[in-house]
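Below, each chain spelled out in residue letters.
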Amino acid sequence: MSESKMRRYHAHVWEEPIIMQMGSEGERGIAIPITEKEIRETVGSAQSYIPAGMSRRRAAALPQISQPHVLRHYLRLSQQTLGMALNIDIGMGTCTMKYSPQVNEELVRLPQFTDLHPFQDEDTVQGILQIMYEFSRMMCEISGMDEFTFQPGGGAHGIYTNACMIRKYHALNGELNQRDEIISTIFSHPADAACPATAGFKVVSLYPDPETGLPGLEALKAAVSKRTAGLMITNPEDTGIFNPMIDEFVDIVHEAGGLCAYDQANSNALFGIARAKDAGFDMCHFNIHKAFSSPHGCMGPACGAVGTRKELADYLPVPIVTFDGARYHLDYNRKNSIGKVRCFFGNVETILRAYAWVIGMGPDGLREVSETSIINTNYMIKKILSVRGVTMAYPKQTTRLDQVRFSLETLREDTGVTTNDVARRMIDFGVQEYFTSHHPWIVPEPFLPEPCDTYSKEDIDYWVEVIRHVCEEAYRNPETVKTAPHNHAIAKINIRDLDDPDKYAMTWRAYMRKSKSRGGKQR
Amino acid sequence: MESIHEKEQEQGREAEIGQQPTTIRRKLGLIVNPIAGMGGSVGLKGTDGIDTLRKAIQLGATPTAPRRAVEALRELSPLRDSIELVTYPHDMGEEECKECGFNPVVIGYVERGKTSAADTKRAAEEMLLREVDLLLFTGGDGTARNIHEAVGQRLPVIGVPAGVKIHSSVFAINPRTAGQLAIAYLRGEVRLREAEVMDVDEEAFRQDRVSARLHGYLKIPYDAQLVQSVKVGSALDEDESMQAIAWEIVESMRDECLYIIGPGTTAKAVMKALHLEYTLLGVDVVQKKRLIVKDANEARLLELIEDGEAKIIVSVIGGQGYVFGRGNQQISSRVIRKVGKDNIVIVATESKMAALKGMPLLVDTGDREVDEMLKGYCRVVTGYRRSAVYRIA
Numbered sequence: 027m028s029e030s031k032m033r034r035y036h037a038h039v040w041e042e043p044i045i046m047q048m049g050s051e052g053e054r055g056i057a058i059p060i061t062e063k064e065i066r067e068t069v070g071s072a073q074s075y076i077p078a079g080m081s082r083r084r085a086a087a088l089p090q091i092s093q094p095h096v097l098r099h100y101l102r103l104s105q106q107t108l109g110m111a112l113n114i115d116i117g118m119g120t121c122t123m124k125y126s127p128q129v130n131e132e133l134v135r136l137p138q139f140t141d142l143h144p145f146q147d148e149d150t151v152q153g154i155l156q157i158m159y160e161f162s163r164m165m166c167e168i169s170g171m172d173e174f175t176f177q178p179g180g181g182a183h184g185i186y187t188n189a190c191m192i193r194k195y196h197a198l199n200g201e202l203n204q205r206d207e208i209i210s211t212i213f214s215h216p217a218d219a220a221c222p223a224t225a226g227f228k229v230v231s232l233y234p235d236p237e238t239g240l241p242g243l244e245a246l247k248a249a250v251s252k253r254t255a256g257l258m259i260t261n262p263e264d265t266g267i268f269n270p271m272i273d274e275f276v277d278i279v280h281e282a283g284g285l286c287a288y289d290q291a292n293s294n295a296l297f298g299i300a301r302a303k304d305a306g307f308d309m310c311h312f313n314i315h316k317a318f319s320s321p322h323g324c325m326g327p328a329c330g331a332v333g334t335r336k337e338l339a340d341y342l343p344v345p346i347v348t349f350d351g352a353r354y355h356l357d358y359n360r361k362n363s364i365g366k367v368r369c370f371f372g373n374v375e376t377i378l379r380a381y382a383w384v385i386g387m388g389p390d391g392l393r394e395v396s397e398t399s400i401i402n403t404n405y406m407i408k409k410i411l412s413v414r415g416v417t418m419a420y421p422k423q424t425t426r427l428d429q430v431r432f433s434l435e436t437l438r439e440d441t442g443v444t445t446n447d448v449a450r451r452m453i454d455f456g457v458q459e460y461f462t463s464h465h466p467w468i469v470p471e472p473f474l475p476e477p478c479d480t481y482s483k484e485d486i487d488y489w490v491e492v493i494r495h496v497c498e499e500a501y502r503n504p505e506t507v508k509t510a511p512h513n514h515a516i517a518k519i520n521i522r523d524l525d526d527p528d529k530y531a532m533t534w535r536a537y538m539r540k541s542k543s544r545g546g547k548q549r
Numbered sequence: 077m078e079s080i081h082e083k084e085q086e087q088g089r090e091a092e093i094g095q096q097p098t099t100i101r102r103k104l105g106l107i108v109n110p111i112a113g114m115g116g117s118v119g120l121k122g123t124d125g126i127d128t129l130r131k132a133i134q135l136g137a138t139p140t141a142p143r144r145a146v147e148a149l150r151e152l153s154p155l156r157d158s159i160e161l162v163t164y165p166h167d168m169g170e171e172e173c174k175e176c177g178f179n180p181v182v183i184g185y186v187e188r189g190k191t192s193a194a195d196t197k198r199a200a201e202e203m204l205l206r207e208v209d210l211l212l213f214t215g216g217d218g219t220a221r222n223i224h225e226a227v228g229q230r231l232p233v234i235g236v237p238a239g240v241k242i243h244s245s246v247f248a249i250n251p252r253t254a255g256q257l258a259i260a261y262l263r264g265e266v267r268l269r270e271a272e273v274m275d276v277d278e279e280a281f282r283q284d285r286v287s288a289r290l291h292g293y294l295k296i297p298y299d300a301q302l303v304q305s306v307k308v309g310s311a312l313d314e315d316e317s318m319q320a321i322a323w324e325i326v327e328s329m330r331d332e333c334l335y336i337i338g339p340g341t342t343a344k345a346v347m348k349a350l351h352l353e354y355t356l357l358g359v360d361v362v363q364k365k366r367l368i369v370k371d372a373n374e375a376r377l378l379e380l381i382e383d384g385e386a387k388i389i390v391s392v393i394g395g396q397g398y399v400f401g402r403g404n405q406q407i408s409s410r411v412i413r414k415v416g417k418d419n420i421v422i423v424a425t426e427s428k429m430a431a432l433k434g435m436p437l438l439v440d441t442g443d444r445e446v447d448e449m450l451k452g453y454c455r456v457v458t459g460y461r462r463s464a465v466y467r468i469a
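Just so you know, the protein sequences line up as chains G and A, in that order. Position 14, counted from 1, in the first sequence is what the working numbering calls 40; the numbers after and before it change by one each time, with no gaps. Position 124, counted from 1, in the second sequence is what the working numbering calls 200; the numbers after and before it change by one each time, with no gaps.
Keep in mind that the hints were calculated from the coordinates and are not lab data. Accuracy of the hints is not assured; some may be wrong.
[Stated by the list, open to error] Simulated pairs of lysine to aspartate or glutamate, EDC-like, Cα-Cα distance not exceeding 20 Å:
hint: 1; chain 1: G; residue 1: 63; chain 2: G; residue 2: 51
hint: 2; chain 1: A; residue 1: 417; chain 2: G; residue 2: 526
hint: 3; chain 1: A; residue 1: 433; chain 2: G; residue 2: 235
hint: 4; chain 1: A; residue 1: 433; chain 2: G; residue 2: 277
hint: 5; chain 1: G; residue 1: 529; chain 2: A; residue 2: 418
hint: 6; chain 1: G; residue 1: 361; chain 2: G; residue 2: 337
hint: 7; chain 1: G; residue 1: 366; chain 2: A; residue 2: 313
hint: 8; chain 1: G; residue 1: 228; chain 2: A; residue 2: 316
hint: 9; chain 1: G; residue 1: 518; chain 2: A; residue 2: 316
hint: 10; chain 1: G; residue 1: 529; chain 2: A; residue 2: 316
hint: 11; chain 1: G; residue 1: 252; chain 2: A; residue 2: 418
hint: 12; chain 1: G; residue 1: 542; chain 2: A; residue 2: 316
hint: 13; chain 1: G; residue 1: 247; chain 2: A; residue 2: 299
hint: 14; chain 1: A; residue 1: 433; chain 2: G; residue 2: 526
hint: 15; chain 1: G; residue 1: 252; chain 2: G; residue 2: 235
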């Protein structure tokens, strides 16, 4: 086994204040000149254009700060992060931290693209409509579905869109009052439960068999009834285990009168191998910002591509880009459409990047992406299982696809070091902390790496060596691991406060209010 | 009008958290029941009662509890200089502390080799008076009962498992984990929750009849990280989860139906949500959101369900996943048979489900036919508009 040398890492520590605490009264980034007399007399003051009802009585509490200070502030903050492009980001299972080719960033910065406006007439944007249409054709081939929308701004948004279509379908059939339950599994992404709940459904979860890690057919049969509206499920689940009975699951739910939606956020190991349509699904969604290389955003700048069978294509959000053989159109004429789920057409830049990526890969290249991803996962499993204190959940399932769920229960029992401790200590060796897993922790002390096609053998070796190093250290010197990180911009924080309503603050105003009511010092 | 800048400054919390002083607790009580577990090694199913102990010793039993206590204490050695240990003489704690290099404050008086349940109780009461922050005790279900009788919920405790019977969920999974949990609590890193104190009647147990009872709840530190990670979302805590379950039940209530509410905190959250009086360890009956009978016995239940529709709301009791036959014997096989399988509503929080580690739910009504009827997949209400399909075996 190769021995990767531990890298010495140390982050910038700037102790940077919050921008609301910076600057001073009257400080400005740009000194805007006073309007010339003649102009002012001709058009009036700027304020006179604001309707009285929309005018603020008190000025907004915005920071007042000069340009160099703003620049310095944000550059420092960026130095304090350990971003995807800076490190070996294998730890973020379910996220597919894939390299985003830089050339595609050039593409989305071309003025031919950035100068487009969503209000333009479709005759003047034929080029981008062609790209959107052709990309939807590619997605149809990849999934077997018949039509796609790219309007949802992220994965959960795509799942929500599917839940809304299921709701509309039953409403139009006059069965919505009766069909109020969506079935999911506890190892599906939690959004497969949260989204239908948001859409008004009750959620029934199936638990995994303790041996196979998979939900059982018998459990599903016990779950379906005349109240079943549908199945929303991930496969492979968030354990990396593929459910080989998935087509039977779909059949059982169809027989009960429900629709089946496939959460394909974990699709990186399925290109050219398995398709939603072939398992009988009615609809699916992909995360264009994961498997299709467009960068991740946070809650918005991404794309949850939703595809359906042609029988349900009428339910998709409008507009859909269509092609009549000569021209591309924005088709708003879908009589059962759930309406819009987002302004305009979605985040078109993610589509442009993904289009370029798929063209670059071609069908064989896509299959190779999945094969590489599976080989990487299983190579990593082999290496990690030699680390003391680590076990794999559901060991009888020897092969995993895109990711794998391990457990540090043994390490914790032996040393008192938890998975959260290990995750934080990893940062000290220059890799981002890993993702433990979604809750509830059915697998105790979990971690969930996903060494997708981006990572080389050397990358995987180094990442595993960090795990090994930290676990061995846990046996030798648990306190060092428990008090980590030691070399990062921010040291260990008390996570208890993160979900304490009296302490957490999502806004500056909330922070001021809560620290004041606790008698804290206002800075 | 003023919400324009509200989306800014999520980072406020990070700076905030860095400044929070963590609670420092430094006074730890330790009680070892030195004879706990001795009956088990010689097949006696428990060591309650002086005759049983004598019998165990005759059969060659040796003490195991002191060794288990030492194992837990070793985990605490990093805090050796910063905490104060309060304990009882000899093998009730003093010797174990000294073996681990602690210099404990020894209180009370006992005669070595002649300790009893009364000593455990007295020790726990004295710990309470001495205002220890946390009580670590070594023993089994019988010991947990004694501690509960003495301190109730007035003092957080952690059980170091050493007894023959471990049905209560107040015990850590092993002595080391107990020690680690104690450290986490003393450092202010974990919260408290209520955990069941259960005990079987040893005499019946020796005759292979299990009749466990729920005796009450102790407050134990609870490592929420076992079931959830704060960073991955807005996981509810145990109280909120129970409340959500209660709302689901209350919302589905119909006037014509009688509701039999079983023992345990999860089921009783329904009573709390209805602002009704209840018996935590008993069975209460509700109709039209009003209390019909408090603490009903089997005969009364049978009388009430004679005609008309009824539903049974039951918690999963204890760590082993029992739905019937542990602590809710009033809801007998006859009651269950009359109410019908489809009218049983099982309630459990997601963390309770996770704690089952995939093991099935269990029933032991004393009536094989009814047990068989209950087996198979059932619905478990896990939250508001949330349920799970789970196996009863």
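Any hints this thing doesn't respect? Which numbers, in order? 1, 2, 4, 5, 7, 9, 12, 13, 14 and 15
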